[in-house]
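A.B. asks: In case you want the letters, here they are:
There are 2 protein chains.
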Amino acid sequence: MIKGLSKEQVAMVQHIKLLKQQAGSHSPSLFTIKEQLPALKMGIDACFLSNPYATDLFLDYFKKELLGEDLAIRDMLEFYPSQNNVIASSLASFLKVPAEMLFVGNGAIEIIQAVIHNFTNQKIIVNIPTFSSYYEFIKPGVSIVFNKLKKEEEYKLNVQDLLKLVHLEKPDTVVLINPNNPNGGYITKAEIAELLEGLKNVGTILLDESFIHFAFENDQMDPLSYVDMVLKYPNVVTIKSMSKDFGIAGIRAGYAIMHPNRIKQLLSNGFLWNSNGLAEYFFKLYTREQFQKEYEVVRKQYIRDTQEYFKILNEIDAIKQYPSQANFALLELKSGILADDFAFGLLVKSGVYTRTCSDKIGLDGEFIRLASRSAIENKEIITAIKDAL
Amino acid sequence: MIKGLSKEQVAMVQHIKLLKQQAGSHSPSLFTIKEQLPALKMGIDACFLSNPYATDLFLDYFKKELLGEDLAIRDMLEFYPSQNNVIASSLASFLKVPAEMLFVGNGAIEIIQAVIHNFTNQKIIVNIPTFSSYYEFIKPGVSIVFNKLKKEEEYKLNVQDLLKLVHLEKPDTVVLINPNNPNGGYITKAEIAELLEGLKNVGTILLDESFIHFAFENDQMDPLSYVDMVLKYPNVVTIKSMSKDFGIAGIRAGYAIMHPNRIKQLLSNGFLWNSNGLAEYFFKLYTREQFQKEYEVVRKQYIRDTQEYFKILNEIDAIKQYPSQANFALLELKSGILADDFAFGLLVKSGVYTRTCSDKIGLDGEFIRLASRSAIENKEIITAIKDAL
Chain A
1 MIKGLSKEQV AMVQHIKLLK QQAGSHSPSL FTIKEQLPAL KMGIDACFLS NPYATDLFLD
61 YFKKELLGED LAIRDMLEFY PSQNNVIASS LASFLKVPAE MLFVGNGAIE IIQAVIHNFT
121 NQKIIVNIPT FSSYYEFIKP GVSIVFNKLK KEEEYKLNVQ DLLKLVHLEK PDTVVLINPN
181 NPNGGYITKA EIAELLEGLK NVGTILLDES FIHFAFENDQ MDPLSYVDMV LKYPNVVTIK
241 SMSKDFGIAG IRAGYAIMHP NRIKQLLSNG FLWNSNGLAE YFFKLYTREQ FQKEYEVVRK
301 QYIRDTQEYF KILNEIDAIK QYPSQANFAL LELKSGILAD DFAFGLLVKS GVYTRTCSDK
361 IGLDGEFIRL ASRSAIENKE IITAIKDAL
Chain B
1 MIKGLSKEQV AMVQHIKLLK QQAGSHSPSL FTIKEQLPAL KMGIDACFLS NPYATDLFLD
61 YFKKELLGED LAIRDMLEFY PSQNNVIASS LASFLKVPAE MLFVGNGAIE IIQAVIHNFT
121 NQKIIVNIPT FSSYYEFIKP GVSIVFNKLK KEEEYKLNVQ DLLKLVHLEK PDTVVLINPN
181 NPNGGYITKA EIAELLEGLK NVGTILLDES FIHFAFENDQ MDPLSYVDMV LKYPNVVTIK
241 SMSKDFGIAG IRAGYAIMHP NRIKQLLSNG FLWNSNGLAE YFFKLYTREQ FQKEYEVVRK
301 QYIRDTQEYF KILNEIDAIK QYPSQANFAL LELKSGILAD DFAFGLLVKS GVYTRTCSDK
361 IGLDGEFIRL ASRSAIENKE IITAIKDAL
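These protein sequences, in sequence, are chains A and B.
Take the first sequence: its position 15, counted from the start at 1, is 15 in our numbering, and no numbers get skipped.
Take the second sequence: its position 100, counted from the start at 1, is 100 in our numbering, and no numbers get skipped.
FYI, nobody ran anything at the bench for these hints, they're computed from the structure.
Where a beta carbon is used, it is the ideal one built from N, C-alpha and C, also for glycine.
Treat each hint with caution, since some may be false.
Unchecked claim - Pulled from the structure, derived: some chain A residues nowhere near chain B, Cβ distances all over 10 Å:
hint, residue
1, Met1
2, Leu5
3, Gln9
4, His26
5, Asp75
6, Lys96
7, Ile109
8, Lys123
9, Leu157
10, Ala190
11, Arg252
12, Leu272
13, Gln290
14, Glu294
To be verified - In silico DSBU-like cross-links for lysine-lysine, where the CA-CA straight-line distance does not exceed 30 Å:
hint, chain 1, residue 1, chain 2, residue 2
15, B, Lys41, A, Lys63
16, A, Lys284, B, Lys156
17, B, Lys41, A, Lys64
18, B, Lys139, A, Lys264
19, A, Lys139, A, Lys164
20, A, Lys386, A, Lys7
21, A, Lys63, B, Lys139
22, A, Lys284, A, Lys41
23, B, Lys139, A, Lys123
24, B, Lys334, A, Lys41
Isolated chain A, as found in the complex (with noise of 0.2 Å):
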C-alpha cells in the first residue's frame, strides 16, 4: 500500500481490485469505480490515452455547426449513417488513398476484430508486452506465439529477432503496434521497412498506428506513403484509430488501409451501417483543410507537454520510466509496491486514475501506465506521484 491512506482508503483500494479482476485485460472504467464508490475523489485519468486538447477542438465545431439554431445535430440522430464506402470515398481525397483501399470501423477495435476474425486462420505472432484484444481475438484453433520483448532491451522490438521468429515459426499473421502500448516503444521508418520486406510472406502483417501521431520522429504525417506500402506489400494492413489523437473516443471511429481484395471480403457480408452519425461528422471534418491546421497545432503543444512532462517523471528515482514515443509512459516501480496497490492508492488518495499492468503478460516487474494529459493535469499528476511514493 502506499503511505498515509486511511482504513476506509484501504477497504477502497480492496474494493477496486475486485473490480480489477472481474474486468480482466481491460481495467474498469473510472466511471464504473464511481459508481461503485461514490465516495470516490474523481479526479484526473491518466489511464486514459487521448490529446484533450483535440477533444477542445472537437467541441469548438461541434458547439458551432451542430448545435446552432437549426439543430444539425439531428439529421445525425434521426437518419442512418452513410455506408462504409460512401464514407471510405469522402476520406480518399484527403488521404489520397483509393476508396476501394479504404475501411472505416466503429472504432478501429472492430477493425482489429474483422481483420483477425477474417485473415488469421493458423497462426498469430504478437509482440509482448502489448494490447491484448491482438490475441483475444483469435478463432478457435488459431494459436499464438508471443514475441516477448526484451526488459534489458527496454521492451523495444528487436527486428532481427522477430524476423528469426518468424522464419522459425512461419505463422500467417504477424502484428506490429508502433508506437507499442503500454511502453510506447517505437519502432523506426527504416526498421518498419526493414520487418516490411522481411516478412513479405506472411499473409497478413497487421501495422497499427493508434498512437502514431504522438511519435516524434518527425513533425509530418506523410499518408501518401500508406499507398506505395499497400502497392508494394500487400499483406499490410495499417489500421489508425481516430480516439486517441483526436481525443474522441466515445464517437468510435477510426479506419484501415489495405489492399482492395480484403475489403471487397470484408463488405461481401457484413458492416452495414457500422458507423454512426456523429462519426462520420468527424470524419468530415477530419478531411478539413482549416480544420487540419487547428489539429497541428494542438497536436504539436500536446507533444511538447508530453516530452515535459516525461522529463519531469524521469527525474523521480523511485520508479524507471521506459523509453516512449507516445501519449503515455511505462513506469516501473522500484521501491518494492505491487502495481494495483500503487494505482488503486493513488486513485484513492489524489484521484489520480492510472493503469496498473498487473493483468500485462510479458512484464516482468511491478508496472504501471501513466498517460500525458493537459499541462496542469499533468503537474497534479505528478505531485500525487511525488506524494505516493
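Here the structure of chain A is known, so what remains is to put chain B in place on it, guided by the hints.
C.D. replies: Using the frame of chain A, we list chain B on its own:
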C-alpha cells in the same frame, strides 16, 4: 415514367437509377442522391422507417440533459463507452432479463451479422420477400433456402408451409421477422408459439422484432415473455433495433436476448467498446420510467396516425396495399408503371422519396414500400402519390 416530368427531371430519374444499381440491395440514401443532384427538391424521406415523434422526444431529453451549461455531452464524446456487459447490466432490470442474456450491438445489424457469422454454419431458411442482410451475411459455404411467401396469401407467413419446409431441408438456422419488412406481415403470438414448438430442434431461430412496437395486436409490450421463451427454447435469439421505434438510427443502438452461452462465445473474441457514448446515454434514458411513459404516448400517437394513413392509401384505386402491422406498407403499382420509374419520378417531381422494391427477391410485380411519417407529412405523401398516378 410518371406524368408531367420535364426533360431535366427525366434525366434526374435516369441518374438515380444508376445510383440504385450501384447501391445494390440497399437503396441510396436521400443524402447521397442530394449530393449528386443538388437541384433536387428535398422533401420527405418516406423510405425511412422510424417514428418521427420519438425522435422529437429524444431530442428534448438530449437538449435538456446533454447540452446544458456543463455540456455533459463532452464526456460522451471524449471517453470510451462502457463495455457490452456493463450496458447490458443497466438494461437488465428494466427489461426483466438477466444481464447474461443481453447482448448490446452497434445497431441491430451488428447483432444480425454476429449471430449469422457465429451460429449459422450449414443452411439458413429465410422467408422472402424480406430484409436482404439475412441471406447476404452468410459465410461462404452456407446454403440458403428461400421460403417464398405467396402473393395469393398477400405475402403473409404460412406457418404450416414453413414447418414443412424446415422438416424437409433440416436447416441449422431459421429467420422469423415480425412484422416482416417490406410488407409489414405480422405473425400472431399464437403463431409464434406454434412455430417455436415446431422448430425446437433447429440450431438457431432468429426472431427479429425490430418493428414490433408498431404492431397493433395489443397496446402493451411484455418483455417478461422473452425470458420464458429463451428458457423454454434456448435456440431463440430475439433481435431488437432501437432505430425505428425510437427514431435514432444515427446513434446505432440495438440489443438481443439470447442464451448466455451464445453471449459468452461472442464476447470471448470480440465486441469491445462496440457501443458509443450516445448509445449508452440512450440506453440509460430507455430504462427511465418517465421517458418510457412519454415514449408510450408518442408510440400510440404514431400508430393511430399510421392507421389513418393506411386507410386513405387503401382507397386509391391504382395501387394495391398489402396488409401491414408495421409502420410502412407494401404497395403494388397496378397501372403498369415500373417501380423505379414511379419511386424516382415521385422524388424528382414532389420531393417524396419512397423505397423501390425492384431489388427485392420474392415479389411478383411492381412494388414500392411506403413509410409512415408524421401526420402532416403523411398527408403530403398522399397528395404527391395521387398527383403522380
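A.B. asks: Going through the numbered hints above, which ones does this structure break? Give me the numbers in ascending order.
C.D. replies: Those not satisfied are hints 4, 5, 7, 11, 12, 16, 21, 22 and 24.
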